[in-house]
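Chains as they are written, first to last, in this note's numbering: chain A, 18 to 180; chain B, -6 to 179.
Hints are supplied without guarantee of correctness; some may be wrong.
Cut-off 27 Å, straight-line C-alpha distance, at most; resulting in silico cross-link-like pairs (BS3-like, lysine-lysine) [what the hints assert, rightly or not]: (1) A:K120 - A:K174; (2) A:K62 - A:K28; (3) A:K175 - B:K5; (4) A:K28 - B:K5; (5) A:K120 - A:K175; (6) B:K112 - A:K120; (7) A:K92 - A:K62; (8) A:K174 - B:K112.
A few chain A residues that face chain B, going by a derived Cβ cut-off under 10 Å, partial list only [claimed, not checked]: (9) R43; (10) I83; (11) I88; (12) R89; (13) D117; (14) I142.
Simulated from the structure, these hints should not be mistaken for lab results.
Quick reminder that beta carbons are idealized off the backbone N, C-alpha and C, glycines included.
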Amino acid sequence: MDNIASHENWKNCFSELAPGLLLFARQWTRSAADAEDIVQEAFVKFWRRNHQINNRALLYATVRSIALDFIRRDKRRARREATVFADADPTVEPQFEWEDEAKSALAAAVSCLPHDQREVLVLKIWNELTFSEIAGALGISQNTAASRYRYALANLKKSLQPQ
Amino acid sequence: MNDFPELENELKALRPARPSPVLFERIEEAMAENCRASVSDTGLMAKWFRRFAETPYRFGIGLAAAAAAVVLLLARINTDQTRNEDKEIAQVSATDEVRPVLPAVSGESGVDGSTSSNKFVPAGATQVVYNTRNEGLQFADGSRQPLRRLRYQTRQTWQWRNPSTGASLRVSYPSEEVVLIPVSGQ
């Protein structure tokens, strides 16, 4: 892929990256709409600063940073909502598309992973980042990224085994 | 490293949810808004300074600018000394002498008759944009394409110098410029 900033047709770049970016942002939000807000802000910021598309670690770090700001900003609102919806069933919008219902168990297992393992898994599997890029995006060492990935897969395997 | 190839393949078969089509429109609007804001709010000078601050060679450019400023300062001091010497010579002179002060325009009789030492030559011209205002969209007569109207407020300064006497003349005045930029949708 070319330099994203010199690319006139940003839509091509974005349509390629958007599903993975949204999935990454969804880890910090309860709704797809909030994740879209985060991705929009991050992508426009990234584009405006003329960063290179091959600096993917920076793009995902931008999404993460904006998502964390979003959480801080909305902490009060979230507390209010939590009080209001405490008795209601939490409605979680699906993060994946699948034709086969059997895949739903796998998707649910991914959602139940510890947060630090899930974010590495999301970056590795659906965003195809290298461990080096993941380390850059999350501010951790490459070895830590690799071990979190292995733990995530091991936990998934364990949770999918018949009891 | 790859202890779970089947699981990895199963995971890759799960497709993340697609973004809503509205998101593309929103980003498009944000991009356009961003472009407009960068023109109207920051202005040309601010944009230039931002680019300057971002460039990795800013220290080198800064040093060059500082060196240029020192050279200009020294030249100014030197010119002042020359002017003082001229004043002393004028006091010693026995006869009164009237010299044209205003800049010479070639072809005029007063200039052609004077000596070459009376000629003022252009020494500099600057235009400082100190305010930019976005006055919104408008349609020109008979045109279907909208135009963005930008008003620049500037101060222009022109300077002439007489190389033989060191005398200089500076004219400075405010000016306003309206620019119409065609707006096209993507």
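Taking the hints in turn, this is what the structure says about them:
| no. | hint | in the structure |
| --- | --- | --- |
| 1 | A:K120 - A:K174 | 14 Å, holds |
| 2 | A:K62 - A:K28 | 15 Å, holds |
| 3 | A:K175 - B:K5 | 18 Å, holds |
| 4 | A:K28 - B:K5 | 24 Å, holds |
| 5 | A:K120 - A:K175 | 16 Å, holds |
| 6 | B:K112 - A:K120 | 89 Å, violated |
| 7 | A:K92 - A:K62 | 23 Å, holds |
| 8 | A:K174 - B:K112 | 91 Å, violated |
| 9 | R43 | 8 Å, holds |
| 10 | I83 | 13 Å, violated |
| 11 | I88 | 20 Å, violated |
| 12 | R89 | 22 Å, violated |
| 13 | D117 | 9 Å, holds |
| 14 | I142 | 5 Å, holds |
Hint compliance for this structure: hints 6, 8, 10, 11 and 12 are broken, all remaining hints hold.
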